[in-house]
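Fit chain H to the given chain L structure using the hints.
Going down the list, the sequences are from chains L and H.
Going by this note's numbering, 238 is the number at position 238 of the first sequence; the sequence numbering is gapless.
Quick note, this note's numbering runs 1000 ahead of the 1-based positions in the second sequence.
Hints may contain errors.
Unchecked claim - Restricting the straight-line Cα-Cα distance to at most 30 Å, the calculated cross-link-like pairs of lysine-lysine (BS3-like) are:
| id | chain 1 | residue 1 | chain 2 | residue 2 |
| --- | --- | --- | --- | --- |
| 1 | H | K1135 | L | K108 |
| 2 | L | K175 | L | K118 |
| 3 | H | K1251 | H | K1030 |
| 4 | H | K1384 | L | K95 |
| 5 | H | K1030 | L | K187 |
| 6 | L | K202 | H | K1017 |
| 7 | L | K62 | H | K1369 |
FYI, nobody ran anything at the bench for these hints, they're computed from the structure.
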Amino acid sequence: MDYLYDGTFEGLLTCIYYHYKKEEATGIYSIESYQQNILNRSEEVESDVEKAKTVSDAINKKISREAYEDVYYCFLSSVTNKENIILDFLVFAFKYGRNTMNFYSHDKVLPIKEVSLKVSREVHGFLGILRFSDIEGILFARFSPDHDLLILLVDHFADRYKYEKFIIFDEKRNKACVYSDNYWEVKENINFDNLEYSNDEKRIHSLWKQYFNDLAIKERININNQFQFVPGRYRKNMVEFK
Amino acid sequence: MDDNLFKKLRILSDAAKYDVSCVSSGVERKNNTVGGIGNASAAGICHTWSQDGRCISLLKILLTNDCIYDCSYCLNRVTNPTERATFTPDEVAELTIQFYRRNYIEGLFLSSAVEKSPDHTMENIYRVLELLRYKYNFWGYVHVKVIPGASPMLVQKTGMLADRMSVNIELPTKESLKILAPQKKIENIIKPMSLINNEITRTIEDKKYFNNTPRFVPGGQSTQMIIGATPDSDKTILSLSQNLYEKFNMKRVFFSAYIPVISSPNLPAISSMPPLLREHRLYQADWLMRFYYFHSEELFTEIEPNLDLEFDPKMMYALRNIHKFPIEINKASYEELLRIPGLGVTSAQRIIRERKNAELSYDSLKKMKTVLKRAKYFITVKGKYYGNVNLEPEAIRKELTQQEIQKQLSIYDML
Chain L
1 MDYLYDGTFE GLLTCIYYHY KKEEATGIYS IESYQQNILN RSEEVESDVE
51 KAKTVSDAIN KKISREAYED VYYCFLSSVT NKENIILDFL VFAFKYGRNT
101 MNFYSHDKVL PIKEVSLKVS REVHGFLGIL RFSDIEGILF ARFSPDHDLL
151 ILLVDHFADR YKYEKFIIFD EKRNKACVYS DNYWEVKENI NFDNLEYSND
201 EKRIHSLWKQ YFNDLAIKER ININNQFQFV PGRYRKNMVE FK
Chain H
1001 MDDNLFKKLR ILSDAAKYDV SCVSSGVERK NNTVGGIGNA SAAGICHTWS
1051 QDGRCISLLK ILLTNDCIYD CSYCLNRVTN PTERATFTPD EVAELTIQFY
1101 RRNYIEGLFL SSAVEKSPDH TMENIYRVLE LLRYKYNFWG YVHVKVIPGA
1151 SPMLVQKTGM LADRMSVNIE LPTKESLKIL APQKKIENII KPMSLINNEI
1201 TRTIEDKKYF NNTPRFVPGG QSTQMIIGAT PDSDKTILSL SQNLYEKFNM
1251 KRVFFSAYIP VISSPNLPAI SSMPPLLREH RLYQADWLMR FYYFHSEELF
1301 TEIEPNLDLE FDPKMMYALR NIHKFPIEIN KASYEELLRI PGLGVTSAQR
1351 IIRERKNAEL SYDSLKKMKT VLKRAKYFIT VKGKYYGNVN LEPEAIRKEL
1401 TQQEIQKQLS IYDML
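Next up, chain L with everything else stripped away, as it sits in the complex (with noise of 0.2 Å):
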């Protein structure tokens, strides 16, 4: 049986709930990329919060907290067949135990894993090259990831920017996330144009700019070791690069 699901972690979970107690899954697809074929059966899962707790408890109890930490960051990277990664994995970790992680180069651990690596890389970088502008006295960020990592972000930056208002917009996803005074949430379907710098704005961007041109030595240029740390598709938000 191939189940469907609506593009949720609750409803992937769900979906895993099935293949134990009701039937095999042969595949988990989104219903929205699915190709309908004649010879497979499909079954639309709706999401069940009950459920897919279950199956977390489960995956955080008999795996490990790696594993789950795993799941869910392979959930949120944009790798098409990231859903039957994640199955196949948790059939193999169900059946293995807390002994699992040891199995690194095995086929079933090693994709989850590379494609873990990846979102959490990611993650780190922008830690580091997200750039806000203040605007109005609000710090506003513009990113595009590769991943859907906006809400791996915000505990980050709600720590280290606890008393300022904040925004961080995935312009790529439409989606932003609101924070201010030890609050957030998530915001779907939403978009920012024409936004106007300020001159006292503009000012401190040029300070940065001509901070970080002044700071290369010119007797180690090395340009294709930049592109290595920051690749050109990530450049066009951050004020350095402009």
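Chain H alone, transformed into the frame defined by chain L:
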């Protein structure tokens, strides 16, 4: 902010950029103060990379480049006709906060030339910290330089507010220091180093009994020396580093390849290239000492007091000590695994973790993404040797050089 600030920033960042240290790691701190801004992340965070490929983590500037000293390797020496500028402590604090709010930086790295006197300069450095911590309520990362010769009291109270402090050792030997920086006394460098180390130890001890004892420079201390301005050998440099790590619990010893910007009879000619490869090899060797359980002595022989520029230090060590190889992957201890050229900490840990399940094969090593290009000449897997030449230094050396040449050729083909 007036436009003068652009000029000051240009002069004072330009003068600070040769300082190598830009790390913001080693301190984990949440933003716990009411109204506070900033925290510190133990892993450190890089915010951007400049055109030379170096990570930028901290706002790295001098408080002033107006110096009373005349060290011949330094652009800011009093006899060099260069443009001078001085920040006020307020300007530095304000700039740090504005950059920090926009997530350009992790914090501040403040250094300074010696203006008027060591105490005067140190006092100003302290003022910046005081402003940042108490006026702006800033709890991000701050690294400050200690000015040799400043009074211990000043160093002590600055250290209570900083995350890391460093005293530059400048040059590897007393003799070199005497020739190139005659006004700097080695005692004035060593004294604050041991003061910092003692204070760190004291506050750690106190913390066991009094929970709210503030930590003295929780990120520890580091130092820096110039490479290639004097004829000192790699052996001298690395055994000095080893000493600094052991005696003063240094977190890092930084090397900076001398960039010839000044002509002087005591210095390499202006036209000479900075010894970048040598600096790189020294860092690799330093890495071996800090994370791979190597001792500086092991890297050198009676006749060879320098590192091999052609090969990385671990490869060099293996070629000079071929009798200790090959190492069996399925039996070797963690420390032994780390001695295999091309094998890093991650791979070694993975091997240990994974061989608990089953004996490893050559294929499973490949699957684990272990880089075997260099390692294969120095290991056996289930007793079998996988190198395509015999276990002899000369043969391996030739083979590796050959590989390098071929790699370069294929790059030219693409062009």
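Against the structure, the hints:
| no. | hint | verdict |
| --- | --- | --- |
| 1 | H:K1135 with L:K108 | violated (54 Å) |
| 2 | L:K175 with L:K118 | holds (21 Å) |
| 3 | H:K1251 with H:K1030 | holds (22 Å) |
| 4 | H:K1384 with L:K95 | violated (33 Å) |
| 5 | H:K1030 with L:K187 | holds (27 Å) |
| 6 | L:K202 with H:K1017 | holds (24 Å) |
| 7 | L:K62 with H:K1369 | holds (28 Å) |
The structure fails hints 1, 4 (numbered hints given earlier, in ascending order).
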